[in-house]
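A.B. asks: Chain X is fixed; fit chains S and A with the ligands onto it per the hints.
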Amino acid sequence: MLEIKDLHAKVGDKEILKGVNLVVKPGEVHAIMGPNGAGKSTLSSVLAGREVFDVTKGEVHFQGKDLLALPAEDRAREGVFMSFQYPVEIPGVNTVNFLKTAVNEHRKYKGLEPLAAGAFLKLMREKQALVEMDAKLMNRSVNEGFSGGEKKKNEIFQMAMLEPKLSILDETDSGLDIDALRIVSQGVNTLKTPETSTIVITHYQRLLDYIVPDVVHVLYDGRIVKTAGRELVAELEEKGYDWIKKELEEH
Amino acid sequence: MSVEKINKDFQDLFVQGKELLYNGVNDLMNEKREIAFNRFIEGGIPDKKNENYKNTDLSKIYERDYNVVLNYHRQDVDLNDVFTCDVPNLDTHLVLTTNGWYYARNHELSGLPDGVIVCSLQEASIKHKDLFEKHYGKYTISDNGVTDLNTAFAQDGYFIYVPENVILEKTIQIVNLMRANADLMSFQRNLIIIGKNSQAKFMVCDHALSSVNFLSNNLTEICAEENAVVDYYQLQSQTLKCSLVDSVFVNQEKNSNVLNHTVTLYGGLIRNNIFTKLSGENAENHTYGMYLTDSVQHVDNYTYIDHASAKCFSKENFKGVLDDKSTVGFTGRIEVRPDSQQTEAYQNNNNLLISDDAKVFTKPQLVIDADDVKCSHGATVGQIDEDALFYLRSRGIGAKEARMMMVFAFTNEIIGKIRIEPIRERVAQLVEKRLRGEDSHCDACKLQCNK
Amino acid sequence: MAKDEDEIIENVTDGEYKYGFVTDVTTETIGKGLNEDVVRLISKIKKEPEWMLEFRLKAFRHWLTLEVPTWAYLDLPKIDFQDVIYYAAPKVNEDKSWDDVDPEIKDTFNKLGIPLEEQMALSGIAVDAVMDSISVKTTFKDTLAEKGIIFCSFSEAVLNHPDLVQKYLGSVVSYRDNFYAALNSAVFSDGSFCYIPKGVRCPMELSTYFRINAAESGQFERTLLIADDDAYVSYLEGCTAPQRDENQLHAAIVEIIAKDNAEVKYSTVQNWYPGNKKGEGGIYNFVTKRGLCEGFNSRITWTQVETGSAITWKYPSTILKGDNSSSEFYSVAVTNNYQQADTGSKMIHIGNNTKSTIVSKGISAGHSSNAYRGLVKVAKKCKGARNFSQCDSLLLGDKCGAHTFPGLDVQNPTAIVEHEATTSKIGEDQLFYCNQRGISTEDAIGLIVNGYAKEVINKMPMEFAVEAQKLLQISLEGSVG
Ligand SMILES: Nc1ncnc2c1ncn2[C@@H]1O[C@H](COP(=O)(O)OP(=O)(O)OP(=O)(O)O)[C@@H](O)[C@H]1O
Ligand SMILES: [Mg+2]
Numbered sequence: 141m142l143e144i145k146d147l148h149a150k151v152g153d154k155e156i157l158k159g160v161n162l163v164v165k166p167g168e169v170h171a172i173m174g175p176n177g178a179g180k181s182t183l184s185s186v187l188a189g190r191e192v193f194d195v196t197k198g199e200v201h202f203q204g205k206d207l208l209a210l211p212a213e214d215r216a217r218e219g220v221f222m223s224f225q226y227p228v229e230i231p232g233v234n235t236v237n238f239l240k241t242a243v244n245e246h247r248k249y250k251g252l253e254p255l256a257a258g259a260f261l262k263l264m265r266e267k268q269a270l271v272e273m274d275a276k277l278m279n280r281s282v283n284e285g286f287s288g289g290e291k292k293k294n295e296i297f298q299m300a301m302l303e304p305k306l307s308i309l310d311e312t313d314s315g316l317d318i319d320a321l322r323i324v325s326q327g328v329n330t331l332k333t334p335e336t337s338t339i340v341i342t343h344y345q346r347l348l349d350y351i352v353p354d355v356v357h358v359l360y361d362g363r364i365v366k367t368a369g370r371e372l373v374a375e376l377e378e379k380g381y382d383w384i385k386k387e388l389e390e391h
Numbered sequence: 024m025s026v027e028k029i030n031k032d033f034q035d036l037f038v039q040g041k042e043l044l045y046n047g048v049n050d051l052m053n054e055k056r057e058i059a060f061n062r063f064i065e066g067g068i069p070d071k072k073n074e075n076y077k078n079t080d081l082s083k084i085y086e087r088d089y090n091v092v093l094n095y096h097r098q099d100v101d102l103n104d105v106f107t108c109d110v111p112n113l114d115t116h117l118v119l120t121t122n123g124w125y126y127a128r129n130h131e132l133s134g135l136p137d138g139v140i141v142c143s144l145q146e147a148s149i150k151h152k153d154l155f156e157k158h159y160g161k162y163t164i165s166d167n168g169v170t171d172l173n174t175a176f177a178q179d180g181y182f183i184y185v186p187e188n189v190i191l192e193k194t195i196q197i198v199n200l201m202r203a204n205a206d207l208m209s210f211q212r213n214l215i216i217i218g219k220n221s222q223a224k225f226m227v228c229d230h231a232l233s234s235v236n237f238l239s240n241n242l243t244e245i246c247a248e249e250n251a252v253v254d255y256y257q258l259q260s261q262t263l264k265c266s267l268v269d270s271v272f273v274n275q276e277k278n279s280n281v282l283n284h285t286v287t288l289y290g291g292l293i294r295n296n297i298f299t300k301l302s303g304e305n306a307e308n309h310t311y312g313m314y315l316t317d318s319v320q321h322v323d324n325y326t327y328i329d330h331a332s333a334k335c336f337s338k339e340n341f342k343g344v345l346d347d348k349s350t351v352g353f354t355g356r357i358e359v360r361p362d363s364q365q366t367e368a369y370q371n372n373n374n375l376l377i378s379d380d381a382k383v384f385t386k387p388q389l390v391i392d393a394d395d396v397k398c399s400h401g402a403t404v405g406q407i408d409e410d411a412l413f414y415l416r417s418r419g420i421g422a423k424e425a426r427m428m429m430v431f432a433f434t435n436e437i438i439g440k441i442r443i444e445p446i447r448e449r450v451a452q453l454v455e456k457r458l459r460g461e462d463s464h465c466d467a468c469k470l471q472c473n474k
Numbered sequence: 197m198a199k200d201e202d203e204i205i206e207n208v209t210d211g212e213y214k215y216g217f218v219t220d221v222t223t224e225t226i227g228k229g230l231n232e233d234v235v236r237l238i239s240k241i242k243k244e245p246e247w248m249l250e251f252r253l254k255a256f257r258h259w260l261t262l263e264v265p266t267w268a269y270l271d272l273p274k275i276d277f278q279d280v281i282y283y284a285a286p287k288v289n290e291d292k293s294w295d296d297v298d299p300e301i302k303d304t305f306n307k308l309g310i311p312l313e314e315q316m317a318l319s320g321i322a323v324d325a326v327m328d329s330i331s332v333k334t335t336f337k338d339t340l341a342e343k344g345i346i347f348c349s350f351s352e353a354v355l356n357h358p359d360l361v362q363k364y365l366g367s368v369v370s371y372r373d374n375f376y377a378a379l380n381s382a383v384f385s386d387g388s389f390c391y392i393p394k395g396v397r398c399p400m401e402l403s404t405y406f407r408i409n410a411a412e413s414g415q416f417e418r419t420l421l422i423a424d425d426d427a428y429v430s431y432l433e434g435c436t437a438p439q440r441d442e443n444q445l446h447a448a449i450v451e452i453i454a455k456d457n458a459e460v461k462y463s464t465v466q467n468w469y470p471g472n473k474k475g476e477g478g479i480y481n482f483v484t485k486r487g488l489c490e491g492f493n494s495r496i497t498w499t500q501v502e503t504g505s506a507i508t509w510k511y512p513s514t515i516l517k518g519d520n521s522s523s524e525f526y527s528v529a530v531t532n533n534y535q536q537a538d539t540g541s542k543m544i545h546i547g548n549n550t551k552s553t554i555v556s557k558g559i560s561a562g563h564s565s566n567a568y569r570g571l572v573k574v575a576k577k578c579k580g581a582r583n584f585s586q587c588d589s590l591l592l593g594d595k596c597g598a599h600t601f602p603g604l605d606v607q608n609p610t611a612i613v614e615h616e617a618t619t620s621k622i623g624e625d626q627l628f629y630c631n632q633r634g635i636s637t638e639d640a641i642g643l644i645v646n647g648y649a650k651e652v653i654n655k656m657p658m659e660f661a662v663e664a665q666k667l668l669q670i671s672l673e674g675s676v677g
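Chains as they are written, first to last, in the working numbering: chain X, 141 to 391; chain S, 24 to 474; chain A, 197 to 677.
Bound-form chain X, shown alone (with noise of 0.2 Å):
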């Protein structure tokens, strides 16, 4: 599904991803650890297309395609969903008509009719309900004026629209509330098959009870540093990022 081949990324003239090696095969569950500042979220940034990063090394295959080659609407429509950890506000954007233009751009990419509008509103409804997202959100612009539990919702339901074969989900935890976190979760594991893939940043261990990962990294410094099972997740709830800093500096 996804082959990251020694990536290097920067900004302006600071390097931040210094060497990303990661496999994503179909059906599987990748969770990303690491301490702020680490790369996570430039990571998801690169892989889903934002141009203010330069990629100065490395490849990226999706689907046997060269990722790094598509500009970023192409990357979506092949499948490549992206959870903003800082989802953006749009004023102005009715959230309907944004997302009725981005399903249809999906379905033409397919080779697809546009849906009917009857069909839309039925489909937006269904997944509406899926990650009980409140639909009085829907007259308003996009995220503009939500709270943050209501923007993290709000990707969620994006994703679902949308039906992505790999997700990437920065932070997806942070700012929903206790019953959010599980309604969102469920609706995520709702959403997956044995064809598709999710990679799941996050700081803590709450998010991966619902959602298990296959796998899990820790990102450090622009690197992935550590792979192991799920087991490593509780692990560092408990002890941190230090001893893995400590491994490092030894080696």
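Derived by calculation from the structure, the hints in this document are not laboratory data.
Any given hint could turn out to be false.
Derived BS3-like pairs: lysine-lysine, alpha-carbon spacing no greater than 30 Å straight-line [what the hints assert, rightly or not]:
1. S:397 / A:577
2. A:551 / X:150
3. A:577 / X:154
4. S:348 / A:551
5. S:83 / A:577
6. X:276 / S:440
7. S:338 / X:276
8. A:577 / S:338
9. A:621 / S:348
10. S:83 / X:262
11. X:154 / A:551
12. S:338 / A:542
13. S:423 / X:150
14. S:277 / A:621
15. A:517 / S:423
16. A:595 / S:71
17. A:579 / S:71
18. S:423 / X:250
19. X:205 / X:248
20. S:277 / S:440
21. X:240 / S:423
22. S:71 / A:621
From a predicted model like this one, the values you see are computed outputs, not experimental measurements.
C.D. replies: Quick look at chains S and A with the ligands alone, frame taken from chain X:
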């Protein structure tokens, strides 16, 4: 050609055309004409030395030779037949003007409530003399030659009177049509009076139907009496060869509520002067504007909101998208007079630059002489927000479409201020078409605009 | 507004001018009036070289063609420029040996809190003290000279550093710039000159203290400040004048040049005599201040606290010519009684990636009028310019006015320019909140005004910040403190 020469030409025109100019209207109108003309001779058309005309060089448009019609010219076709600018789902009273004159073949408006008058200004000046004299010229401020030029040369236009306690359900749609075989300069003067406790809505469209050069100097006075509610929408959709200097003077009495909304879709040079005087307590004013410019268009909005009375509220917002080599000016002055306590006045001007060569000059001003006030203004010049653009693209929306959505979203705030739904939808449609580079003129216009 | 609150505000805004005394000192003056002979005479008294006289004469001839500008929001009484004394100098010994200086003058500066004896001087500040038309003393000159820094009176610079003066004089503010710039260029008598050589960080604050003493005279000084590559200097300017019934004219020019990576901080505490409560007397203050960020990554910061003068007309500006250069303007302007101020800033973006910030706080009380006027211009070829302007006005009392006239002229689409302005009075809710915490309304107003100005005052060097804060209290607070 110099400003002196332009001023001299106007003097000659006035002297030569005097007989025609004074013909067919009421004495008061001619008295004011004379005064305005004498003042014009002293000041002339505003040049670049005039602070309020720093952004717009009127001499460029006035130096061309135009024909001036000093009496009504018949059109060779029935404009009612060739021009139907209908807004879906909106039933309106339609009034046409041509080249500054009230169109002689306007259909009789049926179903107007008792006492409502819709007629030509000339007719009103004679038939409704008292009403006319009570209001004509009372709300204009002649601090620049543009106003005086209109008062000196305008002979006709429309007159609308809504008596007390009348709620006019239907929108009155006024379509100002410019149509001629040769370059033409016109002056149009309108007067709208909305009586106590009455309500009325207006939709004014400026269109050009021929591809010659036009220069219009239009002036509208609007008086909203106590407790009146007035919506005044203006849609400016002309051609690059058109120059329009449009002045609207609004006077608001106690508890009145006026919405003044101007959308500039297209034109060559457009200068809007919007003066609002809040004369009575608790008056509320909303002034909004939007301009979409490309090519070598020039749009300059000048607004002046005078809080002459206490406890009034005003909100103003102008937004524009500038493409190609177009240039834009904005001046917004809010004045709060010494005793106008408990004033609230807000103003905003935002500009989106989407080409390398577009230019904008914006000058908001607050002049505040009372202390119990809440006033603010803001002005921005910027580009499309890159973060938002990326967000849209990351959801699969193409870069071009995403950009469109962002620009449209930027203008949406202003469109959303339109209080009549069918008009709001219609304007949204026209704006979107305009932004997509499709012809934005009303679909219904079957005429020769683009030939 | 409640009655008692009115009274409180009146008390609060009732401060007295503390620097209104007159120094009794022999003063050498020339007759009133201005013509070419007067210009020649000033140049002669100052023993100036020919080129300096030429400069003055060109400026004077140009001035004759100009008219008093009327665009400012000021009710400007007609000034008779022939009724002004253009040169007045307290008697100082030729060689300016400190011991020979009239004790009265020493005493004056002591009273103003500007001791000129180096052993007594505020540590870390070198002062050039200017009284009326001449510089009476420059402290720490030698210490600075060790680093190659030139800090002296303008007259000395003309004689001792003619190359530098000739090269830079009028290079940022041409005598053609405006009416008052032309006037100053023709008749300026003294001022400060400062040159910081390449790579030198000036080890102490430099300061000029301006004092008008003589009656019926105008003061026309000039400051020229050059920071060469990688240099740094922080410069302070203070001003006071005696209390007199007639108005006195002050028209100054400040020119700053910052080369590659140079940084100049220019702070002003302007406290010319503002006139009495009835609006009689006071200084008319017409100042042209402009900096040129000539070099790459250069930076000029203007900070001003304006409390004095009957009329202030002043717009410290920066031309951002070097790529990546930046400039800030922080201002607090207080007007009280019948004072009028029309002040603000211009930021002209020419170089790529240039940044500017404008923060202006106006406080009006009494019958005063306080206007902000600004312009942010982004030239056609300038890429990546960024400006943010914030102009707030606070009204104390219902007889005063606050006005805002910014301008944004953007000719390049990569620019982001934002302007915000608000006008309000002190909120009842803020006062109530303070009252509820046991703070009297008087104190609360003091607190709020100070808090309001803090953002600007914090940008000043320490010693000045304290001074500025005191001044705010004096000019507004009176009984509060
Ligand atoms: N646009 C940018 N310009 C400059 N530095 C940036 C930019 N984006 C990210 N950085 C820097 O890169 C580093 C990595 O940032 P990133 O957001 O990827 O961290 P993170 O691992 O997601 O941290 P957190 O857990 O706090 O979300 C940080 O030091 C950050 O400041
Ligand atoms: Mg992150």
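A.B. asks: For every hint, state whether the structure bears it out.
C.D. replies: Here is what the structure says about each hint:
1. Annotation: proposed proximity of residue 397 of chain S to residue 577 of chain A is violated, straight-line Cα distance about 39 Å (limit 30 Å).
2. A C-alpha spacing of about 24 Å is found between residue 551 of chain A and residue 150 of chain X, which places the hinted pair at or below 30 Å, so the restraint holds.
3. For the hint pairing residue 577 of chain A with residue 154 of chain X, the CA-to-CA distance comes to about 28 Å; that is within 30 Å, so the pair holds.
4. For the proposed pair residue 348 of chain S and residue 551 of chain A, the alpha carbon gap of about 25 Å is at most 30 Å, so the pair holds.
5. The suggested pairing of residue 83 of chain S with residue 577 of chain A holds, with an alpha-carbon distance near 26 Å, which does not exceed 30 Å.
6. A threshold of 30 Å between alpha carbons decides the hint, and for residue 276 of chain X with residue 440 of chain S the separation of about 21 Å falls inside it, so the pair holds.
7. Restraint check for residue 338 of chain S and residue 276 of chain X: satisfied, since their Cα atoms lie roughly 27 Å apart, inside the 30 Å limit.
8. A distance of roughly 35 Å separates the Cα atoms of residue 577 of chain A and residue 338 of chain S; the hinted pair therefore is violated under the 30 Å criterion.
9. Restraint check: the Cα-Cα separation between residue 621 of chain A and residue 348 of chain S comes to about 43 Å, which exceeds 30 Å; the hinted pair is violated.
10. Note on residue 83 of chain S and residue 262 of chain X: the hinted pairing is violated, with a Cα-Cα distance of about 58 Å set against a maximum of 30 Å.
11. About 22 Å separates the Cα atoms of residue 154 of chain X and residue 551 of chain A, which keeps this hinted pair within 30 Å; it holds.
12. Using a Cα cut-off of 30 Å, the hinted pair residue 338 of chain S and residue 542 of chain A holds, with the two alpha carbons roughly 28 Å apart.
13. Of the pairs offered as hints, the one joining residue 423 of chain S and residue 150 of chain X holds, with about 26 Å between alpha carbons and a cut-off of 30 Å not exceeded.
14. Restraint check for residue 277 of chain S and residue 621 of chain A: satisfied, since their Cα atoms lie roughly 25 Å apart, inside the 30 Å limit.
15. A hinted pair counts as satisfied when its Cα atoms are at most 30 Å apart, and residue 517 of chain A with residue 423 of chain S does not qualify at roughly 35 Å.
16. At roughly 34 Å between alpha-carbon atoms, residue 595 of chain A and residue 71 of chain S are farther apart than 30 Å, so this suggested pair is violated.
17. About 28 Å separates the Cα atoms of residue 579 of chain A and residue 71 of chain S, which keeps this hinted pair within 30 Å; it holds.
18. Pair hint residue 423 of chain S plus residue 250 of chain X holds up; C-alpha atoms about 19 Å apart against a cutoff of 30 Å.
19. Annotation: proposed proximity of residue 205 of chain X to residue 248 of chain X holds, straight-line Cα distance about 19 Å (limit 30 Å).
20. For the proposed pair residue 277 of chain S and residue 440 of chain S, the alpha carbon gap of about 23 Å is at most 30 Å, so the pair holds.
21. Distance check on the hinted pair: residue 240 of chain X and residue 423 of chain S sit about 16 Å apart at the alpha-carbon level, within 30 Å; holds.
22. At roughly 36 Å between alpha-carbon atoms, residue 71 of chain S and residue 621 of chain A are farther apart than 30 Å, so this suggested pair is violated.
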